[in-house]
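A.B. asks: Protein chains in written order, with the working numbering: chain A, 1 to 343; chain B, 344 to 633; chain C, 634 to 1018.
A few of these clues could be false.
To be verified - Distance condition first, Cα-Cα at most 25 Å in a straight line; then the derived DSS-like pairs of lysine-lysine: (1) C:K760 - B:K488; (2) A:K229 - C:K760; (3) B:K502 - B:K489; (4) B:K502 - A:K229; (5) A:K340 - C:K661.
Unchecked claim - Label pairs and their calculated CB-CB ranges: (6) A:D10 - C:A824: 31 to 37 Å; (7) A:D10 - C:G842: 55 to 61 Å; (8) B:R512 - C:R657: 33 to 39 Å; (9) C:A846 - A:I330: 32 to 38 Å.
It should be emphasised that the hints constitute simulated quantities derived from the structure, not laboratory data. All residues carry an ideal CB built from backbone N, CA and C; glycine is no exception.
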Amino acid sequence: MALGTIGDQDVASRVEATIQRRGRDVRGTGFRFALFAALGISTLILVILLVDVLTDGWPVLTDRLGDFWSGTLRSRSSDDSLGISQGIVGSFWIAVFVAVLAFPIGIAAAVYLEEYAPRNWFTSVLDIVVRNLAGVPSVVYGLLGLFLFVKGTAVTNWFVDRVNNRWNAWYGEDLIELGQSTLFAGGVTLAVLVLPIVIITAAEAIRAVPQSLREGAYGVGATKWEVIKSQVLPFAAPGILTGTLLALARAVGEAAPLILVGAITGRLAPRDSMFSGLEDFFGQFADRFTAMPIVIVGWVQNSGRDEGFGPAAGAAIVVLLVFVIIMNSIAVLLRNYFEKKRG
Amino acid sequence: MADLTTAIAVKESTLTTEHALSPDSGPVSDDMVFQTRDLSVYYGDFRAVRDVELAIPERQITALIGPSGCGKSTVLRSFNRMNDLIPTARVDGTLLYRGVDLYADRVDPVEVRRRIGMVFQKPNPFPKSIFDNVAYGPRIAGIRKKGELNDIVEASLHKAALWDEVKDRLSASATGMSGGQQQRLCIARAIASSPDVLLMDEPCSALDPIATARIEDLMAELKNDYTIMIVTHNMQQAARVSDRTAFFTAEVDIHTDQRTGLLVEYDLTTTIFSNPADERTENYITGRFG
Amino acid sequence: MTDVIDDSIPPPPLTLDLLAGPSRRRLKERLISAVFFAAAIVSVIISVLIMFSLVREAWTFITGVDWGVTWGEAGWFPRRGLYDMPTLLVSSVIVTVVAMLVAGPLGLGSAIYLSEYASRRTRSILKPVLEVLAGVPSVVLGFFALFFISPQLIERIGRNAWLLIGALIIVTYAAVVALWARRQFAEATVARAVIIKRVVWLTVFVAGGLLLAWWVLSVAGEADAFAVKRSGQLAAAAVGVGILTIPLVASVAEDALASVPRELREASAGLGARQATTTVQVVLPAAVSGIVAAFIIGISRALGETMVVFMAGGAADAAQFTSSPFDGGLTMTAGMASLATGTDNVVGEGLTFQSLYFVGLVLFLLTLLLNIVAGRFVARVRERY
């Protein structure tokens, strides 16, 4: 072999030269740069968005945060009592509706799908239904809410009559008024909207529970419910919690369905006695309402004729974003923490 | 509302009744814990194991051995109705537990599993404290008193030869223990429900030789109180610990390439390993097959 | 059977009753499973209610409306009884196309970078950016589109840039189709069906290209070609919708890329391929179904997005027909929202309320179709690996 006679050192240096050749891959570098640019532009957009919102809302947030916090919807932006308190209260109650209705029903439905459902045509239909519900545009949920609660159907009329009869017997007035856009209608509509999100994330978390845990519990004679209660749900809890937090953030930021069911974008008479009695407590659910995203939409629309509403909307967005981003971050951190913990 | 009950429940009712033990199938021996006749297990349409005939005596260790895919674990799991958890699985034939048909309509699998405990291939402690793991069975059986639970947990851990190692850290998480300790904890967990029978599905396959030896010693002790059935892929282990051995093998359908397990031979362990009646058993024991 | 040791007291005889367990426990289990079943049924009820409400009100519209007012009118004026569907449909197409021009490359590029290139540390820093972006409410993007994208981007660029961008898009499109055709027709093939299939596709692509060219030229040819509507245009809203869709496209595409087995990458690298080659020639083709699904899901999301267009689309209540992204306009969703807002209830001539549901039904069916198709593509990836 000729190579052998040249000498090992020569061969080694040639090999070294070959495998160390670098920096010629222009197309590869360009490709990589383009991909990174995509991510970079997305990041830049987020930064610009946050800075823009913050600078727009800054004057309001620094000058009159206290008044802004406790103020109400007004028709002029120069009004000293312009503020977001009604939006906060509305969003708070919507979150409560979601937590009370969508969380238990959604988690229970996920448990049924993953633990109880037999393998048959009905279960596959159920699965398809849930998946498709998650992809339905949010305005369509608004149409449903409008149809059920505001326009009223035979079934809802019947239900409302029952409730009102009972309420009349106690307090001598109607609790729910159909044909009116109420907090009740908005809350239920958004609970329905996030239900598929809760189901899908909870089902994913339950699917991640190792079968060996279930077998261990069944093996000592646990019933299905005991296995679910003592093994499946505790193990899946972090994942379920992540899903519920994401759903809550989604519901609080959602505006389109509320617009459809008729949330107030203009002036809303302040309600002063919220916790003064049972009647007032329930009564507010039958009132006209607004919510944080709706307040923002209303002010953005008003800014055309009254420029002062622009900064107010910016400030309201900052408040909404702080809340939503905190919730999302907790959810993401929680998920990452438990993913890491389980390896 | 038929959807409410699981698919299994529906299937259960359709199979066992017609195969109730007929008068001519011989007397049911009192000292046998289990007796099977023509036992087959199906996954959907596929028959995984066929025609198993076994009589399991009390307070002895019976080993099920055979090459992988011969259905020995499937058979073991039909003895405490763990197969019910697989949606497509069903059992055909007769399986008597102390004279009662385990697959009769009215039998509740939960009640069966409280009497016939199980230890699994991979140690599967719950992500709870050591105490809560052992106390799990008694608690779901309705025992709430702290003192009583303490006694049961201590006794179970003693029996599982684990007490001395863990008595100072009962509230520590069970998942931090070594593999061998975890498996002994799972045995203690099974014992705590005061079962009649212990089914062990390759309990040492995930353990090192030293931990395996400890479990084997433990089984020799437990034999005084419980009837034990063990599935193992390790012939030496079967020879060391068991009183009786059942050898299974698989036949392959050349058309579908599916393997169906069957029982070849069941006898005293000494006989199986020294003087097997069937050629297939001998080939397996001597290492010519499998 | 001789060595059975049995010197203890025989256990009490076991009966079937003992193995049946307490009936209370079984009843409890049944009740609990019934509760879970009921919870699962809620989704079915909601689906039925959605379809029922849409179909019922839309049916009143379909049977009652004079179809002359739904096509070829000046625009969408629901309170005056003019329901020109092309106004909403064309605006929806414009917004969706422009949004996907933003979200497609940015989302897919981010996904590929995160999945194939990013180190663990880069990933842990940049992944949360997409997650935060995914959580931003659409009203915030509406505000941003109206007060930033519209004045700072769209109004500055104006229609001159539109001509340039439009020409670029057309040239790129033509080049891609030409490349595709060269590769397809270069292969010698005998099967007639294959040739017919290729010809059909080519026809479709060419027709699409002509439509695109017509659109760009028609916008450019308008009388006020160099005017941009102030404070809100479809283009600004579309960019906002696109930003909102980036994280969705990225996350579905990343899932698809993650499902490509590592062995394929290793096989390619083992043959001496550079990373870019591996990514373009091995990973992307393997994940192509999932990437298509990501785009379809993105389109479905963009089509269903309401608030951004409602706030920044430059039209309130009613809209003139337009095919230009630099005009104000209403998409199907924004049309619904603008009709429902303002007054206490949806009022107008006769069928105004029902027109909401007719538009809603069209939107629902379109998104359902897209989601089902996307589901098929996702399932295809899963089946393969």
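A.B. asks: So, against the hints stated earlier in the document, which numbers end up violated here?
C.D. replies: Numbers 1, 2, 4, 5, 6 and 9 - these are the hints that the structure violates, sorted from lowest upward.
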